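All chains, please: the whole structure from these sequences, using the hints.
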Amino acid sequence: MSKVLAIALNTFKEAVRNKVLYFLLIFALLIMGFSGVISDLSIAAPEKLIKDLGLAAIDFFGFLIAVFVGVYLVYTELDKKTIYTIVSKPIDRYQFILGKFFGLLITIYVNMLIMSVFFFAVLYFRDATDFDKVMKAIYREVSPGHYEPIGNPQIQYYLYHFKQLALAIGKGVATIFGYWEPMTHHLMRVIWMSGLGLAIITSFAILYSTFSTPTLSAVFTFLTWIIGNLCEDILRYAEKLAQKAGGVANLAGPDLMKYWFAQIAMHIVPNLALFDKRTEAVYGPWDVSTPNIHSVPIDWVSVVYGLVYVAGILCLASMIFNRRNFK
Amino acid sequence: MRRSILQNFILFVFFVAFFGTAVTIQHKNLEKVKLNPPFIETWMLSGRSGELLRVLSLRYDLVVADFLWLRAIQSFGGRGMTNRDWKPIYNMFDTITELDPYFEAAYTFGNMVIGDEGGRQREGLALLDKGMFKLIRQYRIPFEGMYVAHWQMGDTQLARWYGRIAMKRQDAPNWVPRIVAYIEVKAGAYYIGFDRFLSNFLQGLDANDIHIQAIALEKIKEAIDKWNKELMLRALDEYTSRTGRLPRRIEEIAQEPSLQNYEVARMSKFVAAVERRARAMNREYAIHPDLRKNIAWPSREELEAPLTSGSLAKAGVKWEDLRNEIFHECLVKQSGIPEAPNGSRYVLNLTMLGYPWAKKEDKIVTEADLLDLLKNILRDVRAAIEDRRKMLGRTPQSLREVFYTDFNTTEPFGGTWKYDPQTGDFRSTSHPDL
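Residue numbers (the working numbering), protein chains in the order written: chain A, 5 to 331; chain B, 21 to 454.
Just so you know, the hints here were simulated from the structure itself, not pulled from any lab data.
Quick caveat, the model's predicted, so the values are computed rather than measured.
No false leads were mixed into what you were given.
Derived EDC-like pairs: lysine to aspartate or glutamate, alpha-carbon spacing no greater than 20 Å straight-line: (1) B/Lys289 <-> B/Glu359; (2) B/Lys246 <-> B/Asp257; (3) B/Lys52 <-> A/Asp303; (4) B/Lys54 <-> A/Glu243; (5) B/Lys48 <-> A/Asp303; (6) B/Lys353 <-> B/Glu276.
Stretches of chain B that chain A covers, calculated by requiring three or more beta carbons in the stretch to come under 8 Å of a beta carbon on chain A: (7) 29-36; (8) 78-92.
Think of the CB as a built atom: it goes at the ideal place given N, C-alpha and C, for glycine as much as any other residue.
Below, the structure is given as structure tokens:
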């Protein structure tokens with residue numbers, strides 16, 4: 005375990021030196037900041053816009069980090085021949101793979117946490133700088149319908165915004181440790197579920213990088229991500245084929261092949277839809293019997309699915325890496 | 021070498037175990053997915069852009085919907101300032117709601133743009149229909165459907181349907197059933213409308229809210245009045261068809277088939293029913309003294325009659341629990357002219373009776389309302405005479421000199437108009453005191 009941890013920490017240190025990571029992070033933060041601005045253009049549901057864009061940005065940029073950083077990890081070791089210094093030590097190859105995987109995962113999760121803090125801060129700041137709240141902060145009601153400024157309104161205005169900004173960042177940090185307000189209720193769960201989906205993508209990035217070049221690995225990982233997002237649609241495609249023919253028994257020729265290909269594919273490819281709880285976070289659960297609160301119940305089956313899927317792919321990656329000739 | 025084979029074997033076993041578990045879980049998940057069909061068939065990619073975008077958005081459908089939403093708002097503004105053609109926006113809202121089926125504002129705003137502004141109410145309703153069955157806890161969407169159907173399309177039956185759905189929604193405020201009851205009455209569903217307003221009145225009693233009681237009482241009167249009028253207007257049609265002439269007095273239509281052995285709710289019965297129960301519940305009264313004006317009050321015998329043995333009324337019982345028994349007690353089977361709910365009596369409005377373009381419900385009114393009409397006519401004609409007098413510097417010689425045409429308005433009670441050219445005095449023979 006200590007060997008895996010050592011490789012993981014080393015991988016993490018190596019990854020954070022990658023400039024691509026910072027570009028992606030800055031871009032993600034810009035998009036989240038932008039979401040606060042464009043929400044003002046909406047005539048309704050501005051908070052929803054920030055949530056949609058923020059959660060999607062965390063998920064998508066986490067995926068990009070997994071691809072662009074992940075596919076180079078194993079390849080760089082082989083390319084620079086540094087792998088020899090590792091395999092010559094009493095370290096099994098599967099430990100190397102696990103170390104690389106966890107190192108990359110830590111990198112992704114640290115980035116996700118930074119993005120989350122920013123995302124929550126945008127949400128809190130947007131809420132605190134609502135027109136009514138700002139007006140209440142800089143004017144006081146002396147008699148019904150009559151207001152007078154508290155000090156210099158301009159200075160008060162800026163002071164209030166600075167104070168709220170600091171408070172929003174503080175609340176943002178607190179939120180990742182469990183603090184919540186109604187608008188951020190259970191959002192961390194959604195982000196952690198996204199993180200589990202990203203763990204699957206990361207394991208695939210590692211798997212592909214054990215036997216192919218970075219470019220091909222990136223392409224394969226990207227395609228895996230696409231097919232993983234379409235998994236449930238593949239099922240519907242198969243269902244549609246069967247429905248058109250009047251049942252599976254009536255399928256024949258190419259349609260039968262397509263049907264079985266789809267059936268096998270949808271069972272094997274990762275179902276990333278299971279880790280997407282963004283709709284529940286914005287609207288509450290789909291289950292009509294539960295009250296209309298924006299709670300996101302933990303889907304333990306999906307958690308187990310994600311963990312065993314990752315474990316399976318890492319086993320496969322280790323098996324391939326075991327057979328890999330470094331010459 | 022041997023170690024490597026062993027390790028590979030163990031890894032293979034682990035792989036099979038882990039991946040096998042993952043595939044098993046996935047299989048079960050997919051079985052669940054089959055039970056939850058997509059909003060629109062995802063794989064029919066031709067035709068509507070929403071279906072295509074749903075697949076292409078790769079589960080970022082909410083974000084794509086948001087950007088389209090912002091675009092739709094801008095498009096609404098842009099078109100509002102240019103050609104005011106909202107038709108293309110329908111597709112936009114259709115796509116947005118395909119991508120984000122729970123986006124309530126997209127349905128309501130879309131309906132406003134397409135229906136209210138664009139005059140394409142059917143398309144607006146199609147959008148609302150879509151949202152109504154997706155947002156099953158919210159009243160807002162079917163409520164807007166009711167608004168469009170009733171006030172914009174004049175389709176009360178359709179409005180009733182939307183209204184009934186709206187009032188059953190989890191977040192429906194307590195005023196929604198009242199509006200739905202209004203639509204029920206408008207649509208001719210008097211039993212239901214009366215029952216809903218009755219329920220509302222009893223809720224007002226339970227909550228000790230006089231404001232709700234006042235509104236509900238007025239609405240009960242209105243429902244009964246419309247109910248009565250529909251029967252009488254039917255009888256009026258039967259009378260004119262049979263005799264080929266208009267009646268001069270309301271009693272002339274009392275023998276027509278529509279006014280034989282019919283069932284209707286009677287206001288005095290309602291008052292007696294609630295007041296008798298108030299007594300049984302050790303309350304001083306049911307209808308607040310401030311609300312007793314213009315109500316058909318029951319006779320003393322009716323008020324003092326004992327309650328039936330099956331009544332649940334006793335101290336501590338909620339009024340709402342007595343709704344059924346009160347409702348049934350209000351209904352009467354009778355023949356002849358019904359009782360007016362405001363304590364007056366129904367009469368023919370002869371001013372409106374002969375005019376084919378007059379509103380049907382204005383042809384039979386209560387005596388009190390008719391008196392108001394007479395007063396209004398007298399006031400308006402006298403004002404016109406006064407204006408003309410000032411203009412001429414003398415009293416007009418005839419009403420023709422006032423109105424530049426013959427004064428043909430029929431006296432509402434069947435009397436005649438009397439104009440004195442000497443004094444300029446204008447009166448009605450049926451009510452010379454006014």
